[in-house]
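Trainee: Sequence:
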Amino acid sequence: MVKYIRASLPALLTDQALTFFRILKTYLVVDVRDHDWIGGNIKRSYHVPSKSFLNGVDKLVKDTKDIPMVVFHCRYSQERGPKAARIYEETRNILHKPSSGQYFEARILRGGFNHFGKKYKVKEGLSQHESTELKKHRMTQGS
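Okay, so the sequence shown: first residue is 1 according to my numbering, each after it adds one.
Please keep in mind that the hints were generated in silico from the structure rather than gathered at the bench.
There's no promise every hint is true.
So the derived label-pair ranges between C-beta atoms look like this [claimed, not checked]: (1) P98 x N55: 22 to 30 Å; (2) M69 x S99: 30 to 38 Å; (3) R86 x D36: 15 to 23 Å; (4) K118 x K3: 18 to 26 Å; (5) P98 x I5: 17 to 25 Å; (6) H35 x S99: 27 to 35 Å; (7) K119 x K97: 35 to 43 Å; (8) I94 x S52: 17 to 25 Å; (9) K97 x Y76: 30 to 38 Å.
Derived pair list, reagent style PhoX-like, types lysine-lysine, alpha-carbon separation capped at 25 Å [to be verified]: (10) K43 x K3; (11) K59 x K97; (12) K59 x K25; (13) K51 x K65; (14) K83 x K62; (15) K118 x K62; (16) K25 x K43; (17) K51 x K62; (18) K62 x K3; (19) K3 x K83.
Glycine included, C-beta positions come from ideal geometry on N, C-alpha and C.
Could you put the whole structure together from the sequences, leaning on the hints where they help?
Mentor: This is the structure in structure tokens:
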């Protein structure tokens, strides 16, 4: 069963800790936003748009089967993030049944990127700047 985690957990992972954890492959943050992804993202997260998630879940599970914590999120983590987490968790538990009998549990970032982005701004180095595409869009829209 998927579980929620607070936004403070990914924020605890400084650049040094991020590098360390990535080397050990102990966690992965998966961002399943679609067009709203261009507004910024959690540093070093892995982007898999929800529109194509189902088609690529087997490959994602294969590539991440040894990572003990996989955290999913979308903008608010109310629909796309939890759905992707559930699909990923079920697929991983079917394809890679644990010998210990303990099944994998996916995590969901409580409040999604919206909450994380408000709490941990770009200046703190935990999220990346908005993309060039969003900047162009804002200029053309006059906002």
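Trainee: Hint by hint, note whether the structure agrees.
Mentor: These are the hints, each one checked on the structure:
1. A C-beta distance of roughly 25 Å is found between P98 and N55, which places it inside the suggested range of 22 to 30 Å.
2. Hint check: M69 to S99, Cβ distance near 19 Å, so the stated range 30 to 38 Å is violated.
3. Look at R86 against D36: about 20 Å separates their beta carbons, and that is inside 15 to 23 Å.
4. Separation of K118 from K3 is about 22 Å and conforms to the stated range, judged on CB atoms against 18 to 26 Å.
5. In this structure the supplied range 17 to 25 Å holds for P98 paired with I5, their Cβ-Cβ distance being about 21 Å.
6. Separation of H35 from S99 is about 41 Å and departs from the stated range, judged on CB atoms against 27 to 35 Å.
7. In this structure, K119 and K97 meet the distance hint of 35 to 43 Å, their C-beta atoms being roughly 37 Å apart.
8. Between I94 and S52 the C-beta distance comes to about 20 Å, which sits within the given range of 17 to 25 Å.
9. In this structure the supplied range 30 to 38 Å holds for K97 paired with Y76, their Cβ-Cβ distance being about 32 Å.
10. This hinted pair checks out: K43 and K3 have alpha carbons roughly 22 Å apart, not beyond 25 Å.
11. Restraint check for K59 and K97: the C-alpha separation of about 16 Å stays at or below 25 Å, so the hint holds.
12. The hinted pair formed by K59 and K25 meets the criterion: a straight-line CA distance of about 17 Å does not exceed 25 Å.
13. In summary, the hint linking K51 to K65 is supported, as the alpha carbons are separated by about 22 Å, within the 25 Å threshold.
14. Under the criterion of a C-alpha separation no larger than 25 Å, the hint pairing K83 with K62 is consistent with the structure, at around 19 Å.
15. For the hint pairing K118 with K62, the CA-to-CA distance comes to about 33 Å; that exceeds 25 Å, so the pair is violated.
16. Between K25 and K43, the direct Cα distance comes to roughly 16 Å. Compliance with the 25 Å bound is thereby established for this hinted pair.
17. Among the hinted pairs, K51 with K62 is consistent with the structure: their alpha-carbon atoms are about 19 Å apart, no more than 25 Å.
18. Our distance criterion of 25 Å between C-alpha atoms is met by K62 and K3, whose separation comes to about 21 Å.
19. Annotation: proposed proximity of K3 to K83 holds, straight-line Cα distance about 12 Å (limit 25 Å).
Hints 2, 6, 15, counting from the list given before, are not met by this structure.
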